[in-house]
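Start from the sequences, fold in the hints, and give me the full structure.
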Amino acid sequence: MTDTSKIKVSIRGLYKIFGAKPKEALTNVKDGLGKPELLDQHGHVLGLQDINVDMQEGEITVIMGLSGSGKSTLIRHLNRLIEPTDGEILVDGEDVLAYGEKKLHTLRQNTMSMVFQKFALFPHRTVLQNAGMARRVRGEDAASADKEGRKWLKRVGLEGYEDKYPNQLSGGMQQRVGIARALASDSEIMLMDEAFSALDPLIRTDMQDLLLELQRELHKTIVFITHDLDEALKLADHLVILKDGAIVQQGEPQEILLNPNDPYIMDFISDINRARVLRVRSVMDATTTAGVDISGDVEADANLESVIAMSGGDTTKHYRVMKDGKQIGLLHMQDLVRALVPVIAPEHDDRAA
Amino acid sequence: MAIYDGIFKTLGLSDWCATEDTGGPMTMAELLAQANNGGGDADGAEAVAEATPLLETPFPSLDVLHKSCGSVPRTRDMTSAVEEAFLNVKDGMKVVLDPLTQPLSWLLDASLAGFQATPWFIMIPLLMLLTYYASRSWSVLALVTGSFLFMAFIDHYNYAIQTLSIIFVCTIFCVALGVPIGIAMSKSNTMQRITIPILDMLQTLPTFVYLIPLIFLFSVTESKLYGIAIILYAIVPVIRLTDLGIRLVDKDVIEAADAFGMNSWQKLTGVQIPLALPNIMAGINQTIMMSLAMVVIASLVSAPGLGVLVLRGINNLELGVGLVSGFCIVLLAVLLDRSTKAALGRINASEK
Chain A
1 MTDTSKIKVS IRGLYKIFGA KPKEALTNVK DGLGKPELLD QHGHVLGLQD
51 INVDMQEGEI TVIMGLSGSG KSTLIRHLNR LIEPTDGEIL VDGEDVLAYG
101 EKKLHTLRQN TMSMVFQKFA LFPHRTVLQN AGMARRVRGE DAASADKEGR
151 KWLKRVGLEG YEDKYPNQLS GGMQQRVGIA RALASDSEIM LMDEAFSALD
201 PLIRTDMQDL LLELQRELHK TIVFITHDLD EALKLADHLV ILKDGAIVQQ
251 GEPQEILLNP NDPYIMDFIS DINRARVLRV RSVMDATTTA GVDISGDVEA
301 DANLESVIAM SGGDTTKHYR VMKDGKQIGL LHMQDLVRAL VPVIAPEHDD
351 RAA
Chain B
354 MAIYDGIFKT LGLSDWCATE DTGGPMTMAE LLAQANNGGG DADGAEAVAE
404 ATPLLETPFP SLDVLHKSCG SVPRTRDMTS AVEEAFLNVK DGMKVVLDPL
454 TQPLSWLLDA SLAGFQATPW FIMIPLLMLL TYYASRSWSV LALVTGSFLF
504 MAFIDHYNYA IQTLSIIFVC TIFCVALGVP IGIAMSKSNT MQRITIPILD
554 MLQTLPTFVY LIPLIFLFSV TESKLYGIAI ILYAIVPVIR LTDLGIRLVD
604 KDVIEAADAF GMNSWQKLTG VQIPLALPNI MAGINQTIMM SLAMVVIASL
654 VSAPGLGVLV LRGINNLELG VGLVSGFCIV LLAVLLDRST KAALGRINAS
704 EK
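Sequence lines, in order, name chains A and B. Heads up: the first sequence at position 216 corresponds to 216 in the working numbering, and the numbers run straight through without jumps. Heads up: the second sequence at position 67 corresponds to 420 in the working numbering, and the numbers run straight through without jumps.
Warning: the hint list may mix true and false statements.
Said to hold, decoys possible - In silico BS3-like links for lysine-lysine, alpha-carbon gap of 25 Å or less:
#1 B:420 - B:362
#2 B:540 - B:604
#3 A:234 - A:6
#4 A:103 - B:540
#5 B:420 - A:118
#6 A:21 - B:420
#7 B:604 - A:102
#8 B:604 - A:103
#9 A:102 - B:620
#10 B:620 - A:147
As the list claims (entries may be wrong) - From chain B, some residues computed to sit far from chain A (all C-beta separations above 12 Å):
#11 480
#12 487
#13 499
#14 521
#15 530
#16 533
#17 560
#18 574
#19 600
#20 607
#21 627
#22 630
#23 655
#24 687
#25 690
Unchecked claim - Pulled a few chain B residues facing chain A out of the computed Cβ check, cut under 8 Å:
#26 570
#27 572
#28 606
#29 608
#30 614
#31 618
#32 621
#33 631
Keep in mind that the hints were calculated from the coordinates and are not lab data. Being a predicted model, the structure only gives us computed values, none of them experimental. All residues carry an ideal CB built from backbone N, CA and C; glycine is no exception.
So, in structure tokens, the structure goes:
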């Protein structure tokens, strides 16, 4: 699918160094100096290191990493809330870094919208005014801003709250306003900086479902930042794993789950419920030839947990894998069980699982 | 001749010292010494100086050094030189400052005339309306009404209204100048570094010290004289709190404003000022209080109002006049404070 779709945002060789003389430090980094050495010898902090990511149009790209891994720094480079030290950021093939102030404002007003971890709503404006904010900033009149605001508030389930102030709403509702605000700008790209991290688990799941539902309809290019692997696996079309400002692995999430290439990632994924995250399509035997002894049909995007439930734990069964009404493969329950064998990080598996 | 003679000798400055001995007026101490010695005996003075024990060595100040070396100016000469210098630049400053500050005089005079020309039966309801509009509080309205009726009853209404008119004009000037300065300070750290020492100085300089150079610059009969003194004193809190208020605006909200492509003007008017408003209002409240404090002192330089009565109380030792007018000032302070605080509370509440 990556071949056919178009690259919307492309990050090439991005570096960010925090400190007094980042340009000088950059040459050191490019000569192979690591993050701790740079801090020790030059007093500069290496924020991001040689980041290359292509984000497909209409997909959710999730950037995952622990705190301090540079993920929030990275997302702020896309709309230049933070200026990079070196590298290129291409949006629709245009280098954003070459933009002057005016073009940058236009980009932020029209092409990119952002959802924040701490909601960052305007406390002195009503929910409706907040939702229509992007349009007001663009210079559209109040009527059209309110119309769009109302429409999107309704879409995120906040009808009737238009005249409240943000502080009168709960955290989950505030973030719905945040999402409505981003959607009302009608931008093609949505940046979501740990958008659901401040919410409690149940509401977080609700919001993830809301996002996926909206995405099925709107097909925006979404860049989503999170530190939660379950969330990342649930949302991601393309997963980028950051560690200490560098990319450890990126690709299709199922692919990463089945073939982690780094102890850091193995450590990460050892904790998750693989049966719930892995999909049938990732473990099936891709073939169109009719199999023998077929017990039934399963959807390609169904997770393994549901198949196990269906089979009643019988590992000798075989299923036909369907997508859009056609067979695309066969699922052997033995392969399924094999895929569930946990991957354990070779060196330090002393973590409480 | 005196204790520090030796230093000038070793430095080879004896000639320079000896060349001129400034006459000039003598200090009271010198005059007394002269009278006691019966004609000022140089040798006698030297003898005393030689006898000075080590523990009583005087600090080498200008006056002491002058005794050893006539070329060193005395402190008296220094202060008169400062005066001289000020008088020299005065005319130049006046050419610039006079027209620049003239609108202040006009406004003060016009507002005084306007406030006084309005009859009490219009003025008091007008003030009540304004109070209610700003505070939306019946208790504050009752306080204001009661205070004005009381002051009118004891024939202090006219003085109070004069004071109010001066505060009114000065507060407008303070806000009009202070808020932009505060905004500039919040935008630039350099600006903040430069402005803070000036604000510190304005706040700590004894109020009378403003008045002295102002009297030289402008005529005492001009109303801008006290206007400037009040504004200089009272403008400080509104500047400080505007700066603080804007700097305290939530960084996340500012980031959101940036992320949605607001330009700096949209950010300032749409986000920063509205969110800093509670602080700015607190600054305005303080500014009003400080101008009220200064308007009393400014009566020394012909500012009309309740301060004149206080001054009369002091000058003529009319205890009752002083106390009653002092009480009226307190009343005015309380009602101004309560109504601005109620307005501030209303702004705060709307954001909750």
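Hints, one by one, checked against the model:
no.: 1; hint: B:420 - B:362; in the structure: holds (14 Å)
no.: 2; hint: B:540 - B:604; in the structure: holds (14 Å)
no.: 3; hint: A:234 - A:6; in the structure: holds (23 Å)
no.: 4; hint: A:103 - B:540; in the structure: holds (23 Å)
no.: 5; hint: B:420 - A:118; in the structure: violated (73 Å)
no.: 6; hint: A:21 - B:420; in the structure: violated (59 Å)
no.: 7; hint: B:604 - A:102; in the structure: holds (22 Å)
no.: 8; hint: B:604 - A:103; in the structure: holds (23 Å)
no.: 9; hint: A:102 - B:620; in the structure: holds (15 Å)
no.: 10; hint: B:620 - A:147; in the structure: holds (23 Å)
no.: 11; hint: 480; in the structure: holds (29 Å)
no.: 12; hint: 487; in the structure: holds (19 Å)
no.: 13; hint: 499; in the structure: holds (34 Å)
no.: 14; hint: 521; in the structure: holds (28 Å)
no.: 15; hint: 530; in the structure: holds (25 Å)
no.: 16; hint: 533; in the structure: holds (21 Å)
no.: 17; hint: 560; in the structure: holds (37 Å)
no.: 18; hint: 574; in the structure: holds (47 Å)
no.: 19; hint: 600; in the structure: holds (17 Å)
no.: 20; hint: 607; in the structure: violated (9 Å)
no.: 21; hint: 627; in the structure: violated (5 Å)
no.: 22; hint: 630; in the structure: violated (8 Å)
no.: 23; hint: 655; in the structure: holds (44 Å)
no.: 24; hint: 687; in the structure: holds (30 Å)
no.: 25; hint: 690; in the structure: holds (25 Å)
no.: 26; hint: 570; in the structure: violated (43 Å)
no.: 27; hint: 572; in the structure: violated (47 Å)
no.: 28; hint: 606; in the structure: holds (5 Å)
no.: 29; hint: 608; in the structure: holds (6 Å)
no.: 30; hint: 614; in the structure: holds (3 Å)
no.: 31; hint: 618; in the structure: violated (11 Å)
no.: 32; hint: 621; in the structure: violated (13 Å)
no.: 33; hint: 631; in the structure: violated (10 Å)
Going through the hint list in order, the structure does not satisfy hints 5, 6, 20, 21, 22, 26, 27, 31, 32 and 33.
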